[in-house]
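S.K.: Letter by letter, the sequence shown follows residues 1 to 280 of our numbering.
These are computed hints drawn from the structure, not numbers from a lab.
Do not rely on the hints blindly, as some may be mistaken.
[What the hints assert, rightly or not] Below, a list of computed lysine to any residue pairs in the SDA-like style, where the Cα atoms sit at most 20 Å apart:
| hint | residue 1 | residue 2 |
| --- | --- | --- |
| 1 | K52 | K2 |
| 2 | K119 | D164 |
| 3 | K2 | A240 |
| 4 | K56 | L44 |
| 5 | K274 | Y252 |
| 6 | K274 | G253 |
| 7 | K274 | D220 |
| 8 | K55 | A77 |
| 9 | K119 | L97 |
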Amino acid sequence: MKIALHSASAPEWTLEELLVAARRYGCEGLELRAGIGHGHGAELAAGFERRKQLKKQADRAGVALRCLSVSCRFSDAADAETHVAETEAYVRLAEDLGIPCVRVFCGRIPPGGSLAESKRSVVDSLRSLAPSARRSGVVLLLETHDDWSDPRVMAGVLEAISDDHVGVLWDVLHTQLEGGASPDAAYAALAPWIRHVHVHDGAPRSPGAPESNGSGRHPDYRPIGLGVVDHSRILDLLRAGAYEGYLSGEWYGWEPADVHLPRELPVLSGLLAKTGGAAP
Numbered sequence: 001m002k003i004a005l006h007s008a009s010a011p012e013w014t015l016e017e018l019l020v021a022a023r024r025y026g027c028e029g030l031e032l033r034a035g036i037g038h039g040h041g042a043e044l045a046a047g048f049e050r051r052k053q054l055k056k057q058a059d060r061a062g063v064a065l066r067c068l069s070v071s072c073r074f075s076d077a078a079d080a081e082t083h084v085a086e087t088e089a090y091v092r093l094a095e096d097l098g099i100p101c102v103r104v105f106c107g108r109i110p111p112g113g114s115l116a117e118s119k120r121s122v123v124d125s126l127r128s129l130a131p132s133a134r135r136s137g138v139v140l141l142l143e144t145h146d147d148w149s150d151p152r153v154m155a156g157v158l159e160a161i162s163d164d165h166v167g168v169l170w171d172v173l174h175t176q177l178e179g180g181a182s183p184d185a186a187y188a189a190l191a192p193w194i195r196h197v198h199v200h201d202g203a204p205r206s207p208g209a210p211e212s213n214g215s216g217r218h219p220d221y222r223p224i225g226l227g228v229v230d231h232s233r234i235l236d237l238l239r240a241g242a243y244e245g246y247l248s249g250e251w252y253g254w255e256p257a258d259v260h261l262p263r264e265l266p267v268l269s270g271l272l273a274k275t276g277g278a279a280p
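Model the full assembly from the supplied sequences, consistent with the hints where possible.
M.R.: Structural data, given as structure tokens:
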């Protein structure tokens, strides 16, 4: 297992700044969030020469571009086709950048809709995308997120898709706080499909309490070890299952990067070393 830096920690940073930070904090990989104005430049608008330049920057730094995370979602059949087309464009972007994974969402179940209807839309959409992902050498990752945080529900989606170019991004906080599953239960449900992992800690908010990250959309973060997530157990499970992918520290709208990165990443690295995984 290796550690990846996520551009969410410093959305204003250029790719070069992210690569420098990754090396500073001992991260071997980098996850880029596209489509929401981050400063790294890995966007659909980037021409082929710009894409080649970005890939060369990462190669020169010795930091692997591991995951391109995007907002495409498929729960609502009314606009799923639009998101399928956009995802195909992101798959081509990932191919040009040498990124092996593209993270997408299932998406919130639309008002008046049902889980069964949305599942059908997600399954049909991902099945239609799998051939282009295969041609590009990219794996599409559905994140355990929003209405799909219950790992058993997500496992049902992945079983129905049944394609080796569609996997899961396990967000360890979402499956616990929103999905109500222990690390053991989440891992047991998702293990065959885990290709990337988001790590961070958090806690339930008291009614009416503001979020620590102030975003209105993301979990209430806590420093690793001070929230509800048992990261040591998660790393034990992943190691026992021979997971060789990345642990990506994901923090949106939290503290400044120069506050949380030098605190959180060494803690994660230390936990990884204790469980026998690779660490700087």
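S.K.: Confirm or reject each hint.
M.R.: Verification of the supplied hints:
1. K52 <-> K2: Not satisfied, since the Cα-Cα distance of roughly 25 Å exceeds 20 Å.
2. K119 <-> D164: holds, 18 Å
3. K2 <-> A240: Given pair K2, A240 holds - Cα atoms ~15 Å apart, limit 20 Å.
4. K56 <-> L44: Roughly 18 Å between the alpha carbons, so the hint for K56 and L44 holds.
5. K274 <-> Y252: Distance of about 27 Å is beyond 20 Å: violated.
6. K274 <-> G253: Roughly 29 Å separates the two Cα atoms, so the pair is violated.
7. K274 <-> D220: violated, 27 Å
8. K55 <-> A77: violated, 35 Å
9. K119 <-> L97: violated, 31 Å
The structure is inconsistent with the numbered hints 1, 5, 6, 7, 8, 9, although it conforms to all the rest.
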